[in-house]
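With the hints as extra help, turn the sequences into a complete structure.
From first to last, the protein sequence lines are chains A and B.
For the first sequence, position 92 matches number 92 in the working numbering, and the numbering has no gaps at all.
Every number in the working numbering is 1000 more than the matching position in the second sequence, counting from 1.
Rough simulated footprint, nothing fancy, chain B against chain A, three-plus residues with beta-carbon under 8 Å: (1) 42-52; (2) 144-154; (3) 157-170.
Computed from the model, here is a short list of chain B residues facing chain A with C-beta under 7 Å: (4) 1167; (5) 1252; (6) 1281; (7) 1283; (8) 1284.
By construction, these hints were calculated from the structure, which means they are not laboratory data.
Quantities reported herein were computed from a predicted structural model and do not represent experimental measurements.
Beta carbons: idealized from backbone N, C-alpha and C, even for Gly.
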Amino acid sequence: MATYILRRLLIAVPLVFGVLTLTFFIIRLAPGDPAAFFIQPGISPNVAEQIRQQYGLNDPIPIQYLKWLGNVLHGDFGRSFSRAQQPVFDVISEALPVTMSIAVLTLVANFVFGIVIGVISAVRQNSFLDRFLTVTALFFYSMPEFWFALMMIILFALKLPLFPVSGLNEVGAESYGPFGFFLDRIWHLALPVTVLSINGAAGIARYVRGSMLEVIRQDYIRTARAKGLSERAVILKHALRNAMLPVVTLMGSSLPFIFSGALFIEVIFAFPGMGRVTVEAIFARDYPLIIANTFVSGTLIVLGNLMADVMYAVVDPRIKLN
Amino acid sequence: MMTTSNKPRNLLLTLFLLATAAMLSACSKPKGGQQLSASARDTTLVVAMLGDADYLNPVIGSSVTSANISGLIYPSLLQSEFDTSTGLLNYLALEKSLRPVTRGADGARSPKGALARSWSMAPDHKSITYILRSDALWEDGKPVVAGDFKFAYRMYGNPVIASPRQQYLAELLGAEKGAVDFDRAIETPNDTTLVFHFHKPVPEHLALFHTSLTPLPEHVWKEVKPQEFRESKLNMRPVGSGPYRLAGWSKQQEVTLSSNATCVLPKPGNIRRIMFRVVPDYTVRLTQLQTGAVDVVENVKPEDFGAVRKANPGIEVRTVGLRVFDYVGWSNIDHDWYHKTGKVRPHPLFGSPAVRVALTHAIDREAIIDGYLGSYGTVCNTDISPSLKWAYDDTIKPHGYDPALAAMMLEQEGWIPGPDGIRQKNGRKFSFTLYTNAGNDRRNYACVVIQQNLREIGIDCRIEMQESNVFFENLQSRNLDAWMAGWSIGLEIDPLDVWGSDLEKSRFNFTGYRNPRIEQLSELAKSKMRIEDARPYWVEYQQILHRDQPVTFLYWIRETHGFNRRIQGAVLNISGTFYNIDDWTLKPSANAAP
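So this is what it looks like as structure tokens:
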């Protein structure tokens, strides 16, 4: 297993590197200019040129690539063009905690609610409860997130002012003390996490239900019941474990989401997370930031896939990793 | 069987408990939070902004948001006042003003915030001398001295720093040779005397405009190397001396200012804190305005006014204008030919002024205004705003909507309807693509009306939306035959970037329009030492543009901003929404603790 993981990690290095190189050239081929903002009446025509000079964009692209390569190999991904020359990893490390706190809460809620609803639906197959949960899940699953988010805001922030409309904290939250500040943060996260997890949980519930239905028809479940085990033990110990296999894949592939952020939610709820960093960087043609983002998300996708494969082997003894 | 049915019920129960716990933890907070913030809210102004400020440093800050916030943190040499009755900018020092102060009129400002006591312009208009007050202090207690201005101007002019304001230095000694000679151009004989020398006679109003850039504290910044200026950590801790100081800056979330107790420039009313919050989504900004979570939202769309006012009568819509207009650009010259040969020949479709006038007659500008802007739009004739009354020619009669006249003019030009109803001339169909940037509802609406209008007189127009960066690059490299875009005009009229005949130098002459008289008029106007004397030139300028229609000017837009009525004393005018923000006060809420 250890050699397998090591081999996969070694393969990942040129893979991520290839992705970065491709990104480097593709963004420079795209129309648009990082200094375009400075091309406007009332601003001297020299400014855009001086800015390009500062960013090193006047060199031929192969030279730019070599310089970039040298810096990256020294671990220096450069400074953001559009965000006041902050080092790109500072920008990312400011946005990551916000994104991660939403994503982790969302993922936990997703899987907890998804699995619970899925199991109930499967155990009570074709009952009213199952149909109700299935239809409700489908209803939410097919709803566009941004629209759902706006509806939730109108309902629970405007008509029934229970939750704040947006932002991470109330005006003046610093004076609440650390615990109060934390509660204020949770209060602000309630709506966005609900929106994200209702949508996600609905999808996971469908998976769990399907996989659970297959498992409870197996002979060993009948055997478990026959030997007099309580229904609880049968479902939770014998059936659920086996039904979790496809869900494990989902967990692995959810890893990049934790870091990449949910753009719509961040825009609507005004959270300064990774989704906005990425999209704003693309619109501003902020090359170093785009590349750093690609690096972070590319690495995580590779790691997420690796983790899913490893977890497979852990939960299913039949799978051998070579 | 009993057990089987119990299990899911237990699960459901757990689920319900979990949800309740989450709700409880959530609900217990708001009560405390709202009470606490109710009294804090009475002294806190919250402004919603689209994006974060870039630098809170007057030398390199480039966004309007940055300028608004920097203006509260840093002192200014002069106060400027916009006179709505003439459209002229007035400059005030403590003991002197360029023009009589418009006391009592809308927009009147007190000069108390100015660092200059007075100034004197040399008789030859080649230098200006300021006498500064001696009691203004930087936040760290050091006095604001003339040297701080000279130091800041060196930063503004340093090509490594690439300040977007280096244009302001264009008249200083040495600039005519390519680099300002700061030792000679700016003199500081003592701490309260500041002298600027120009290489040519400069009208007083322009000299005041260009020499009143914001100073930086030299003692704080002098160790910072120019190449590290933009990266410096000092940008996150600005040392100013204005009515507010930076209290906190969470990037991409909010900028918090608190009133500066040591400020000798007039202190703000009862607003102790100003928070600029980043709220990227328009609907959410509007919702926050309605719930009272923010007090000011800029650029509220006309179609939302009704709903906002109904939802919260405490909101008022205030307008600023007229500074922004939309237009349809026609390429006057054949761009392909120009790219290939460097020579100019008229564009096959839009090359003739008569055709362009016909197109303007064919477009129902009133219908676009009625349909989208309502009372917040006015037909636009040229790029001189009706708000600049001293220069605006109100005798110009707009080219009205008249499809029959348009058709007749096109026929006179040889454009005859073909078998498919589309006009043609010498085998060339009158068919083109109208480009605009994606994501602008107003332009989208106008494009569709224009397409319809043109179809009615036998012109085939397709619409294509492009991502803003792509669109702008295409405009700049003159790849588009017809497009819809907009301009936001400056308060100084300087049209050569847009209409200059030298196509390589005039970066914004996207149409390729060339008329030497326009250049002459601009130069003549700029050479007048009294701005009012330039009026005849600007009147002729407007008449030429109206006659030649290098573009079809569509409409001026009155910008509309949502304000909470608890804000008092706010004056809005063409020079900005936050024109006199340091004079604003907040009306206490009825239920606030005494």
